[in-house]
Amino acid sequence: MSANPALPLIPLPDAKAGDLARLVDGLDSASLWWLSGYAAGLASQHTTVARAVSTALAKEPVAALRLTVVYGSQTGNARRLAEQFALKAETAGLQVRLLRADAYPTRELKSERLLVVVVSTQGDGEPPDDARGFVDFVLGKRAPELKELKFGVLGLGDSSYPQFCEIGRVLDARLAELGATRLLDRADADVDFDTVAKPWSERALQSVRDQVKSQTPLATVTPLRPAAAAGWSREKPFAADVIANQRITARASDKDIRHIELSLEGSGLAYEPGDALGLWPRNPPALVDAVVALLKLDPNAPVRIDETTQPLRLWLSEQRELTRLSRPLIAQHAALAGSAELNRLLSPDHSAQLQKLIADYQVVDLLRAYPAAWSADELVAALRPLTPRLYSIASSQKVVGEEAHLTVAHVAYDAFGSAHWGAASHYLASQGEAGRVPVFIEHNERFRLPRDASRDVIMIGPGTGVAPFRGFVQDRAASGANGRNWLFFGNPHFRSDFLYQLEWQDALKRGQLARLDLAFSRDQSDKLYVQQRIREQGAELYRWIEDGAHLYVCGDATRMAKDVHAALIEVAVTHGGKSLDDATAYVSQLQQQGRYARDVY
Amino acid sequence: MSAAASPVEKIKADSRYLRGTLQESLADAVTGSLREEDQTLIKYHGSYQQDDRDLREERRQQKLEPDYSFMIRTRTPGGIATAAQWLKLDAIATRFANGSLRVTTRQAFQFHGVIKRELKPTMAAINASLIDTIAACGDVNRNVLSAANPLLSSVHATVHAQAKALSEYFLPKTRAYYEIWLDEERVAGSDAHEPEHEPIYGTTYLPRKFKTAFAVPPVNDVDIFANDLGFIAIVEHDTVVGYNVTVGGGFGATHGDPTTYPRLADVIGFVTPEQVIAVAEGVITTQRDWGNRAERKRSRLKYTIDDRGLDHFKAEVERRAGFALAPARAFVFDHNGDRFGWIAGEDGRWHLTLRIEAGRIVDRGERRLLSGLRAIAQIHDGDFRLTPNQNLIVANVPVAQRAAIDALVAEYGLDLYRSASPLRLNALACVALPTCSLAMAEAERYLPDLVTKLEARLAAHDLADADIHLRISGCPNGCSRPYLGEIALVGKAPGRYNLMLGADHRGQRLNRLHKENIAEPEILDTVDALLARYAGERGRDERFGDFLVRAGLVAAKPGIPLEVRT
Ligand code: SRM
Ligand SMILES: Cc1cc2nc3c(=O)[nH]c(=O)nc-3n(C[C@H](O)[C@H](O)[C@H](O)COP(=O)(O)OP(=O)(O)OC[C@H]3O[C@@H](n4cnc5c(N)ncnc54)[C@H](O)[C@@H]3O)c2cc1C
Ligand SMILES: Cc1cc2nc3c(=O)[nH]c(=O)nc-3n(C[C@H](O)[C@H](O)[C@H](O)COP(=O)(O)O)c2cc1C
Ligand code: SF4
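Chains as they are written, first to last, in this note's numbering: chain P, -16 to 584; chain Y, 671 to 1236.
So that you can see chain P by itself, here it is in the shape it has in the complex (with noise of 0.2 angstroms):
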């Protein structure tokens, strides 16, 4: 998505409107908020205008040395900390541009002198979709030689996935391998990346002031972003009221999925249909008493980690991950325990049974299964800060106005004899009438309808992954779109799982939908998924990506997503008559193009 070409540029002279239009080519709505900012922090230094601005705006090759901040990020994280970055840098007074990794055009690589990439790494150990090409750019063979280039690398990632942070590692080595030097190491930074994050962002700005010459400060930025705007973020959530809590599964079925209706009333907050809403979690109360008391420590024992005091039990209820293994806390476990077992699990000839220790044991199972004495300090020090859960936002403003609507399948299990829980979809499907839960939207450009209303949109969301696209049909259906909707759905049983049944049933009769394809996995003998349906209608499929529709696919990142996109691939070889590579290419040029894009999970 690109900066609207529309933009009125009448009260500049022409030289500088070209100018302008070039700069702000290709920049994503974060970083025109921002400029928008810093082009108002300007104004409001008459002194300092003409300079700023000439720097601003100055011709190609672009100032020697400004800062380009690059990043990658499917859920925002990485977004959200390199717009920090650039904001700092900013406000240090150097000249920078902030870039989604999509929109930097990749032939001015060779000409960058200061570069900044902060990346995630997503899939097992893939980019995030907005960095596909980027990526591919750096690593391939028509990457330059890079040697007037100083860079830094900040990835993020997950040390619970076998892969971690593989992304911001590959793109350091190769930038180092095409002859650029770094301004600083690579910081590796886990779920709670600040605690990475902010260090290294201080010594990177620090690096880059040091090779820019000129320290004055140009301007100060106003920041303007919307969600700013609000006054509710991340950092400082909103505590939305629970006005629904609805199970939209059968008696009969084994799956617990929850309609959840939150209440935005006051907060400002707003979201477009694809946007997701990030939650702080509580731990599940039976399981903060379980492992206080396995550990026989005391609930209320005061403990301090940097300023903060409080008792143990709200550390672990509300700061704390004790629903999700991470290999530090593994490996401190272990030595604590003395266990020889988790040693030899942690040697990288057997990332495979660690992984799936990881993915079988929460934090209570490993204290169960290889006891060691923890006290109440070292063992808040040694689990990870709780993270927010993301939940894709299944409902329209259009039409629900000041609520936000999820689809959120309740995570609860029995395991090694006890029962186990989700931290968010527990603590969301525990609400009651009085509930309330903190809050943030989490904006997601990359998952955005067709701004051409009149383009049709083919939407692939199995299980909880129908969630957005029920924001998306309530969207186009509110704002009479004449493009045509296509959804396929698919669960284990039509009786028991088919959500929103109703819903789809009535959008069908409006023609708010213009086709539903379902796939009951367990409604028959042998199994079947949405990628059979979407071969079985391969045919229909090309002929309305080839007429220009969306494609959308939001669900399961491990199999699904996966199988999807093979299946795509192989409609555009039956019935595109491609080549296997030719069909590959096409399929993964409409992600470039923002016309293939997945929120996958």
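Where hints are given, some of them may not hold.
[As the list claims (entries may be wrong)] Pairwise CB distance ranges, derived in the manner of DEER restraints:
1. L1108/Y <-> A461/P: 36 to 42 angstroms
2. A235/P <-> R1034/Y: 45 to 51 angstroms
3. G494/P <-> R1034/Y: 46 to 52 angstroms
4. Q338/P <-> Q693/Y: 49 to 55 angstroms
5. A683/Y <-> D237/P: 26 to 32 angstroms
6. D237/P <-> R1115/Y: 23 to 29 angstroms
7. A253/P <-> R1034/Y: 44 to 50 angstroms
8. A235/P <-> L1108/Y: 21 to 27 angstroms
9. P354/P <-> D698/Y: 47 to 53 angstroms
10. S571/P <-> A683/Y: 47 to 53 angstroms
[Unchecked claim] Below, simulated SDA-like cross-link-like pairs (lysine to any residue); rule was C-alpha separation at most 20 angstroms, straight line:
11. K238/P <-> K733/Y
12. K238/P <-> A683/Y
13. K843/Y <-> E986/Y
These are calculated hints, taken from the structure and not from any lab test. Glycine included, every Cβ here is placed at the ideal spot set by N, Cα and C.
Please arrange chain Y with the ligands on chain P, whose structure you already have, making use of the hints.
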């Protein structure tokens, strides 16, 4: 078609002989239901769309459509199935339906809970058992009843053959059933109205359902007078010399609508066996042409007769039949229940009548009826007979087999007939909730519990073995023929019923509304008080219903004379 014609008439007319858009409806994967018109048409194929009413509200909140499923009813004239067929039906009930077989008050089997996706294989499987479901429902001649009491085997056989012949004669001729369920090749041009046609029914079939029964006195197990058309076998020297013809029976009524009412049939004369089909055709075609097609509530034959006059109607039937009916012969019914336990037929073969509470054959706790009957069917070389009282006869058992069958009966808890009180043995209850879309109150599910409570009251008055006929219907449609119950409950709202009293036990006198819209405590107390009177004042062998009328406790309706002499 007259402007006033009911919507159903248009659906029939436009249906291309009952095809409608059933194929398309079945193919629609987004819903478990059929298109509205097809919901009407599928009845003619023997099935009703239903949903689990226990789950309706819950599923609405879950944003799920109702839990749609289908009831399938067989066309089994006289309710006879071979052991081999039994095993097939049992397999279907287990594989496709809700694990139960339901014996109906019209000698048919019902499957419940078949989902749309499996409807076609189920219908095909039923057909493969050489039983069909054509015209088991819909505005046609339904499953034909025939006295189940096999005491006089040869007579029973004759009458059953007659019933079967009549059932087949009046079957719709359309191939729709074969095309939709059995993939029969479509006959050329049959989506135009020719060449195929319905010689008797025409494109709009009958105005309403039509029911026919054959009775063999002295047992009126079929409740002959509840049928649109009835034939009472007249037996001389062990042979059927002919039948008395009855017309205009029917029970459906609507609460608070006096223009609708239960009605007992009139005896209009006597015909020889050869004349049966002709007179039936006279009655059916007259109803076809005279029946009310505007208002379904008043379209049954009983209203046609009351609106046009019995004599006028009879004359028209005779005109169409081409002969005059002979005067009715004498006949006597002494009861309308079943005789339980073993009975020897005149041919020396044995018949075991088992009590099936509310007709539901299912495994429940100690009583594993479905499994037990499966076990019996595996060793049984005779056949099974469904009674109009929702019971089951293991028929034509050679004496040598009795012991083996008794053993299975005991093993699987099929022996309710041995222990149950007369009240429990003879009670009837319709299906009602959760499957029946018209139910206003519980019936089948409530029966066992209610009987237990009434048994306590009976015992208190020393009436434990009083043979009193109790019937419960979940709504005034009267599927358990409640208007012929000595004590009857007709559903009005959840937990609330109209209490009806004073029918005889021969199916010849309707009961009367005694108390309207009352709940269990009042029902029990009201009945209790009357039982007290009965215990003290009844005459020798005097039945409860008869007593209530004699004692003036309920105002009897004029019924069929107890003995019809000529
Ligand atoms: C299964 C059965 C009751 C039972 O417990 O055995 C039954 C069950 C139903 N009857 Fe009946 N009727 C059954 C015998 C009767 C009888 C008794 C009889 O025929 O001896 C009557 C009273 C006699 C009569 O027809 O007047 C009867 C009068 C009705 C009526 C009222 C007809 C009328 O004239 O108003 C309806 C409703 C209707 O047709 O509109 C009805 C409708 C129904 C339906 C199909 C409800 C509906 O239309 O959606 C019930 C299905 C419930 C379920 O879930 O299975 N059923 N129904 C009987 C099946 C008979 C068969 O095998 O064909
Ligand atoms: C962009 C994005 C959008 C999302 N949208 C949605 C959405 O619309 N709806 C939705 O429901 N989720 C959505 N998710 C997933 C959601 O964010 C959470 O990851 C999910 O709800 C689980 O979080 P939790 O806190 O309940 O469980 P956690 O506490 O995070 O995890 C529970 C623990 O149990 C394990 N576990 C989880 N499930 C099972 C299981 N079935 N059997 C055994 N072990 C298990 C896990 O490995 C983990 O160790 C989305 C995620 C992302 C990134
Ligand atoms: C579906 C999915 C797959 C992921 N795979 C990996 C992975 O293979 N390696 C890793 O280090 N992190 C992985 N992560 C964790 C993310 O990189 C981490 O959440 C990061 O904070 C996301 O940053 P972003 O919001 O900028 O995309 C994965 C996350 C998701 C939702
Ligand atoms: S009497 Fe009413 S409730 Fe009972 S089965 Fe018939 S229609 Fe249903």
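| Checking against the hints above, which ones are violated? | Structure breaks hints 2, 5, 7, 9, 10, 12 and 13.
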